[in-house]
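A.B. asks: Single-letter residue listing:
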Amino acid sequence: MKIDKRRVSHLDWYLIINGLILFAIGIFNLLSATSSFYSGSYSFIMKQLISFSIGLILIFIIIQYDYRIIANHSKLFYALAIAFILLVLIIGMMAGGAKRWINVFGISIQPSEFMKPILVIFLANMLYEKKRAGQALSLRDISTPMLATLIPFILIVKQPDLGTGIIIVLTSLSILWFVGLKKSTYALLLGVGAIIPFIAWQYLMKPYQKMRVLSFINIDADPSGFGYHAKQAIIGVGSGKFFGKGYMAGTQHKLQFIPEHHTDFIFTVFGEEWGFLGSIVLFLLFMSFILRCLKIAQNAHDELGSIIAFGVATMIYLQFAINVMMAIHLAPVVGIPLPFISYGGSSMLTVMISTGLVLNVSMRRYMF
Amino acid sequence: MENFVKDDTTQENRKYKWCKWLLVLTIIILIIRLWDIQIMKGSDMRKLSEQNRIRIKKVVAPRGMIYDKAGRVMADTRPSFNMYIIPEDIKDFNQTVDGLAKLINIDREDIIDKMKVASGFPPSFPVKIKSDISMDEVAKIEANRIYLPGVTIQIEPKRNYPYGMMMAHMLGYVSEISDDELKNKSLKGYSLGDNIGRYGLERAYEPYLRGKDGEKRVEVNAMGREVRTLETIEPIAGNNLYLNINLDVQLAVEKAFENKKGGCIALETKTGAVIALISRPSFDPNKFASGITKEDWKAITTDKMHPLQNRAIQGRYPPGSTFKILTAMKVLGDGLINEKTGFTCRGGFPFGNRVFKCWKKGGHGTVSIHRGIMESCDVFFYNVGLKLGINRIHDMSEAVGLTKITGIDLPGEKNGLVPSTEWKQKTYGQPWYEGETVSVSIGQGAVWLTPIQLAQLSAFVANEGVTFKPQIVNRIVSLEGKTIKTFEPVMNTNVKLKKEVFRIVKEGMQGVVNEPSGTAYGSRLPNISICGKTGTAQSVGEKGKNLGDHAWFIAFAPAAEPSISMSILIEYGGHGSSAAAPVAKLITETFFKERVEIKEARIHENR
Numbered sequence: 001m002k003i004d005k006r007r008v009s010h011l012d013w014y015l016i017i018n019g020l021i022l023f024a025i026g027i028f029n030l031l032s033a034t035s036s037f038y039s040g041s042y043s044f045i046m047k048q049l050i051s052f053s054i055g056l057i058l059i060f061i062i063i064q065y066d067y068r069i070i071a072n073h074s075k076l077f078y079a080l081a082i083a084f085i086l087l088v089l090i091i092g093m094m095a096g097g098a099k100r101w102i103n104v105f106g107i108s109i110q111p112s113e114f115m116k117p118i119l120v121i122f123l124a125n126m127l128y129e130k131k132r133a134g135q136a137l138s139l140r141d142i143s144t145p146m147l148a149t150l151i152p153f154i155l156i157v158k159q160p161d162l163g164t165g166i167i168i169v170l171t172s173l174s175i176l177w178f179v180g181l182k183k184s185t186y187a188l189l190l191g192v193g194a195i196i197p198f199i200a201w202q203y204l205m206k207p208y209q210k211m212r213v214l215s216f217i218n219i220d221a222d223p224s225g226f227g228y229h230a231k232q233a234i235i236g237v238g239s240g241k242f243f244g245k246g247y248m249a250g251t252q253h254k255l256q257f258i259p260e261h262h263t264d265f266i267f268t269v270f271g272e273e274w275g276f277l278g279s280i281v282l283f284l285l286f287m288s289f290i291l292r293c294l295k296i297a298q299n300a301h302d303e304l305g306s307i308i309a310f311g312v313a314t315m316i317y318l319q320f321a322i323n324v325m326m327a328i329h330l331a332p333v334v335g336i337p338l339p340f341i342s343y344g345g346s347s348m349l350t351v352m353i354s355t356g357l358v359l360n361v362s363m364r365r366y367m368f
Numbered sequence: 001m002e003n004f005v006k007d008d009t010t011q012e013n014r015k016y017k018w019c020k021w022l023l024v025l026t027i028i029i030l031i032i033r034l035w036d037i038q039i040m041k042g043s044d045m046r047k048l049s050e051q052n053r054i055r056i057k058k059v060v061a062p063r064g065m066i067y068d069k070a071g072r073v074m075a076d077t078r079p080s081f082n083m084y085i086i087p088e089d090i091k092d093f094n095q096t097v098d099g100l101a102k103l104i105n106i107d108r109e110d111i112i113d114k115m116k117v118a119s120g121f122p123p124s125f126p127v128k129i130k131s132d133i134s135m136d137e138v139a140k141i142e143a144n145r146i147y148l149p150g151v152t153i154q155i156e157p158k159r160n161y162p163y164g165m166m167m168a169h170m171l172g173y174v175s176e177i178s179d180d181e182l183k184n185k186s187l188k189g190y191s192l193g194d195n196i197g198r199y200g201l202e203r204a205y206e207p208y209l210r211g212k213d214g215e216k217r218v219e220v221n222a223m224g225r226e227v228r229t230l231e232t233i234e235p236i237a238g239n240n241l242y243l244n245i246n247l248d249v250q251l252a253v254e255k256a257f258e259n260k261k262g263g264c265i266a267l268e269t270k271t272g273a274v275i276a277l278i279s280r281p282s283f284d285p286n287k288f289a290s291g292i293t294k295e296d297w298k299a300i301t302t303d304k305m306h307p308l309q310n311r312a313i314q315g316r317y318p319p320g321s322t323f324k325i326l327t328a329m330k331v332l333g334d335g336l337i338n339e340k341t342g343f344t345c346r347g348g349f350p351f352g353n354r355v356f357k358c359w360k361k362g363g364h365g366t367v368s369i370h371r372g373i374m375e376s377c378d379v380f381f382y383n384v385g386l387k388l389g390i391n392r393i394h395d396m397s398e399a400v401g402l403t404k405i406t407g408i409d410l411p412g413e414k415n416g417l418v419p420s421t422e423w424k425q426k427t428y429g430q431p432w433y434e435g436e437t438v439s440v441s442i443g444q445g446a447v448w449l450t451p452i453q454l455a456q457l458s459a460f461v462a463n464e465g466v467t468f469k470p471q472i473v474n475r476i477v478s479l480e481g482k483t484i485k486t487f488e489p490v491m492n493t494n495v496k497l498k499k500e501v502f503r504i505v506k507e508g509m510q511g512v513v514n515e516p517s518g519t520a521y522g523s524r525l526p527n528i529s530i531c532g533k534t535g536t537a538q539s540v541g542e543k544g545k546n547l548g549d550h551a552w553f554i555a556f557a558p559a560a561e562p563s564i565s566m567s568i569l570i571e572y573g574g575h576g577s578s579a580a581a582p583v584a585k586l587i588t589e590t591f592f593k594e595r596v597e598i599k600e601a602r603i604h605e606n607r
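Chains A and B, in that order, are what the protein sequence lines are. Each residue of the first sequence is one higher than the one before, starting from 1 at the first, in my numbering. Each residue of the second sequence is one higher than the one before, starting from 1 at the first, in my numbering.
Simulated from the structure, these hints should not be mistaken for lab results. Take the hints with a grain of salt, since some may be wrong.
What the hints assert, rightly or not - Calculated lysine to aspartate or glutamate pairs in the DMTMM-like style (CA-CA distance at most 25 Å, straight line):
1. LYS245(A) - ASP44(B)
2. LYS231(A) - ASP44(B)
3. LYS47(A) - ASP220(A)
4. LYS231(A) - GLU88(B)
5. LYS130(A) - GLU231(B)
6. LYS231(A) - GLU231(B)
7. LYS17(B) - ASP302(A)
8. LYS128(B) - ASP98(B)
9. LYS114(B) - ASP89(B)
10. LYS506(B) - GLU589(B)
11. LYS360(B) - GLU561(B)
12. LYS261(B) - GLU413(B)
13. LYS47(B) - ASP302(A)
14. LYS485(B) - GLU589(B)
15. LYS496(B) - GLU561(B)
16. LYS41(B) - ASP220(A)
As the list claims (entries may be wrong) - Restraint-style ranges between C-beta atoms, simulated for each label pair:
17. MET248(A) - TYR147(B): 22 to 28 Å
18. LYS158(A) - TYR147(B): 55 to 61 Å
19. TYR147(B) - LEU58(A): 52 to 58 Å
20. PHE60(A) - LYS102(B): 55 to 61 Å
Every residue gets a Cβ at the ideal spot worked out from N, C-alpha and C, and that includes glycine.
With the rest of the complex left out, here is chain B:
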């Protein structure tokens, strides 16, 4: 205990002095330390900061391959050179951007636009400027590299469609993910510059086809150039698709459709497997994969021929006389007529205050159902249609599955329309007129169906009431060859009708191709009996201009044990018999030629 009082102010002052000394001492310590690391070791530290910058680079995974049933390549990936800019590494923005614009074929604005989109990312994030640049461009950029700081070229896999425009609607295409899609939370795991399946199978099977991107941790120096790779996580390639498609048939039809518009689909009757699917006019999916130019995109989207429409599953047309098959099945099924019931055709059918014409001016004379189908007598079906009434036709369409989409594994399938009194009342608030039934019974009027729906109608007859969901993909196989997913046939309809009905209709359809008076007699094959039905549908035309009739043909073969069903539509193609039926002949020929060879091969194996 201190019992004397110190001079208070001296003690006070001493304390302040201590504080000041402590403060000065602290500052000195800090300065000594800074001297050490900034001056003594400064150059080393500067070097470390410049050399020691680690970045994570994406290693793009190759997309899964697409093969036909026999394992022939329909879509693959190939290496491509993609040009990136790393904004942070740009020294002089104008020098880099203008230099690049001068050197290769790209607009200054395009470069700036691309960089704007990526402005939300850190400046060390590479921005893809141009995909799939040519070897010539690669050489130019590499030679001028020192004048283009920030520009890098990376080799990445690119989607490739070796058949170009062919099969484009089925395979679809991939293109770079957009800014808006990146913000969409349902699309997880995508980042800027990634490709995403946008159309066709590429879109429908995106989760399977898309691989898992790898990662490369690289050390980069202050110029953004890689020094070394620290760690690599290898990318995992996407799964491969094996389709039900028979490439021989597909390519044969593609050829037959050259310079034509329309759609065609061929199905395996017993499973719903899609053998071929064509839509024309087409587009080149390769253009999308390497970043479609604005002009190309504009050209495709504003094309009056609508090349992006998949006519086989999205094009709705009046079915014309092919619809008579449905009318015939219903009228026989309901027992309103029998095989022998005859109607007389004098080339016209007066009803109300107008005359509905038969396509044959002189008339067919007295016609029963066999000739009615075979020679496609309109008057016969006008009579039959009136006996049925519109609602029974609609009911039958529902039974065959024509009022619903078929459920093919492609996105965007459109539904058809078969009218009923209820439908008309609902849509137009008007009652149905009998005269309209007359039109509908031969597939005109308010009937709109897609080629794939009519292929199902054909399969319905061939398979006697049973149809399957059309399925393009046969199986999904991993890179190691493990089957990940197979697709069992899914039954769409299973309608019980009298055996007689199918026999009569089939015989009629067989007559169409194989009897001299049949409408498609010219498309018969010597060894295989095709059953078919022609259709020549009046088109609405465009802007009041009559562009001619749509040519239809639906068919299945062989007659006894049908294994293939199909429908062919040639837009504004004229007569079904002359324009569409020959394609069915070609399909059947090609399909069974294959079969015969396989059979022979098996016979040889067994020996």
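So here's chain A without its partners, still in its complex pose:
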């Protein structure tokens, strides 16, 4: 064992227990969400538990090595992740009109998911010295981080997986903001940020993606397609009322009114069955988890740890917020999983790797 006993005592049990509660809620919710499937819940729950177990092993491995050592190797991880994403584009499996998965020994893996925490460490490693020096980032300073973000972003959006792409870009921008930007850099980023939606709409977005945006603005724009599903999702959550219909008693998802109700639309199952009250509890659990990550960032021993923890906090926050907003028609439909709750092995592992990194930062806040 390389791990120091004193470090074990510094493990952040608050974050661990908070995460375990979210995971437990996720498993029970998934049991209900998949109970109406032809194949039954069993295989879904099994896969989710297996992913979780692998995630625990990964956390165990991650916390053994100082995050500074891990960050030193971040270039390698980044290169590997890029290679896998490229591989997906070449030999990936088609599912639902997109190439997002590759098959490794019979297990489908979604490499774009793993890019999220890897990019966080990669950028943290690139920027922590500047942050320590209190140096606000100039345009030249952000060019390399932006390039490091845009390469995977473009590759991922090409799959197409707009949701993961958006999370990656927003997380990177948050990290840059966290490190500190010069006013001129702000101005440029805001300017580009204002133009990009128009360019995207005009040249980049696919018709179905535009349809999603349109039916978000006007829910009746596509009454049989996205609008219909958005309506059914609202009906699902809304019909939960204050106390919910009760566990396993949700009818909207069981009658297959809501597509992807075990992955991206998982919140509709929870909202329908646990109601307003349950949803608030779930929100508070997420808020508590994110705040804890921020606290770890604040108390980190160095700027590297700070940026890593902050990046993870941002990533989880963005996924949580966008996913829930999408389910209750506050955001257009994009494929973003709800951390800990959505079904999906790669997503589960990504969340756990990220948690592992934060735990790593936390347990090394005092230097020996």
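Put chain B on the given structure of chain A with help from the hints.
C.D. replies: Okay, now just chain B, sitting in the frame of chain A:
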């Protein structure tokens, strides 16, 4: 450019504060939105979720009708009440299941079994529990509906066979598709609860008879009750079959076979069209269509009389003396004897170390071929058989088509057996003995033929070497009356023999019925000359018990211009002359009575 360094920790703290505020703001927005849809609009949403549930219901297509040649109904569909359970709508499993079991005649276990089979389907999928429930049961269920959540009754078409046990082997039956069949990929487009043709014509013409089910998109409320129909795709009924069967002849024979066992088939000589086909004992195909009970199924499958066997095409029997026709054709055809060649019959034929008997104890005296056929002299054919040898008999059987199935459009036809030296060597590894030839020449020993094969033998003589594939279905007609498929006669054999051969054999067969010493003289008709041959075949019996002889009669009519050929077998019926031949008389009488009327009608039309 800022040229002063801010207090780093303050700036840091401000950033964290912003993050926290953003997080809190997000949560507040989410909560406001949830308040809006779950609390403010919650009741409306709940209503929508309960009322707005759309389901797709199957509308069962009626199966195609089956008519006889003249358009008389032989199988149709009628509305029936089928009871379903929608598992999802059950509130209390025991209340619904026990309540149902108490209310109508069905076992609790049966209900649970049916639901288990459907466990792979979504719980909103209706599971058929009982088909064709009575009006009384419908009334009981409707009256107790509120105590039976999940139970629904649907009116669906059900296959109906108005003649019940009659024609069951020909028409066949339909029954619900099984779980295993659903998994079978070759059966596409079937779903749970569908009926599928299992036997007879229902099976052979399944793709034509089966219609295309429709669909009804219905909105159902939280109780699973229909609120309104959104869209209906009408079902398309199956195609109708018009058979070659003459229902008058068929029903007359059915009556003649009452309380008898056996099979009978009548063919149009010039086309192979099947006029009538009977097998007894029979079963009631209606029982299968409404979901046969376990007891009924057990009773049918374990019945020692094998009611599910179609004796006309699957029953193999020794042909007895009817086989002499084949022997006679071969020996004349090969020129081994002529019309005048005589053999002396003293009631027995010593061969090897045993004596083969003639059925007539005192003997027939000196017999030529005409009397040999007419009076069915065994000794004459023992002599003839020995002259031929087994392989020539086998060759002739092959030429007549008796070594193959006839190819009738019914599933499961069985092949007959006519032995040869090669066959015996192959099967038993033993050489053939001449003594066996003696037996085979009169249709005993290792000769096994089905009634339909012997009907073909009769047609072979009638048509002078030409036989056709027996065909039950005449044409397939769509619901709109468009003919989809017709069946041209398919030639099975076309054997050239000397005219003389057929003349001599036909005269012999005519003598059987129309000359006073003929074996079937009692079955003659005054105006139509029937040609026939009796057979009284020794049966093997069952478990060493001798149950008597099988009675055979093969025939065609009229002698001059044969238009109908037939074979009749009465299992353990005794003598061919007394048991089987009268049926041929009945068939011919009924068939030509019809004909005469049609002819008269035409004459009237022409006037």
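A.B. asks: Each of the hints needs a verdict: does it hold here or not?
C.D. replies: We went through each hint and held it up to the structure:
As the CA atoms of LYS245(A) and ASP44(B) are separated by approximately 14 Å, the hinted pair is consistent with the 25 Å bound. Taking the CA atoms of LYS231(A) and ASP44(B), the gap is about 13 Å. The hint holds against a cut of 25 Å. A hinted pair counts as satisfied when its Cα atoms are at most 25 Å apart, and LYS47(A) with ASP220(A) does not qualify at roughly 37 Å. Proximity of LYS231(A) to GLU88(B) is assessed by CA-CA distance (about 23 Å); at most 25 Å being required, the pair is judged to hold.
Between the alpha carbons of LYS130(A) and GLU231(B) the distance comes to roughly 66 Å, so the proposed pair goes past 25 Å and is violated. For the hint linking LYS231(A) to GLU231(B), the alpha-carbon distance of about 21 Å falls within 25 Å, and the restraint holds. With a C-alpha separation of about 19 Å, the suggested pair LYS17(B) and ASP302(A) falls inside the 25 Å cut-off, and the hint holds. At roughly 17 Å between alpha-carbon atoms, LYS128(B) and ASP98(B) fall within 25 Å of each other, so this suggested pair holds.
For the hint linking LYS114(B) to ASP89(B), the alpha-carbon distance of about 16 Å falls within 25 Å, and the restraint holds. The suggested pairing of LYS506(B) with GLU589(B) holds, with an alpha-carbon distance near 20 Å, which does not exceed 25 Å. Between LYS360(B) and GLU561(B) the alpha-carbon distance is near 33 Å, which puts this suggested pair outside the 25 Å criterion. Taking the CA atoms of LYS261(B) and GLU413(B), the gap is about 18 Å. The hint holds against a cut of 25 Å.
The hinted pair formed by LYS47(B) and ASP302(A) fails the criterion: a straight-line CA distance of about 55 Å is larger than 25 Å. The suggested pairing of LYS485(B) with GLU589(B) is violated, with an alpha-carbon distance near 32 Å, which exceeds 25 Å. For the suggested pair LYS496(B) and GLU561(B), the alpha carbons sit about 18 Å apart, so the restraint of at most 25 Å is met. With a C-alpha separation of about 18 Å, the suggested pair LYS41(B) and ASP220(A) falls inside the 25 Å cut-off, and the hint holds.
Range check, MET248(A) to TYR147(B): about 24 Å between beta-carbon atoms, so the 22 to 28 Å window is met. Between LYS158(A) and TYR147(B), the C-beta spacing of about 60 Å keeps the proposed range 55 to 61 Å intact. Judged by the Cβ atoms, the range 52 to 58 Å given for TYR147(B) and LEU58(A) holds: they are separated by roughly 56 Å. As the Cβ distance of PHE60(A) to LYS102(B) is approximately 60 Å, the hint placing it in 55 to 61 Å holds.
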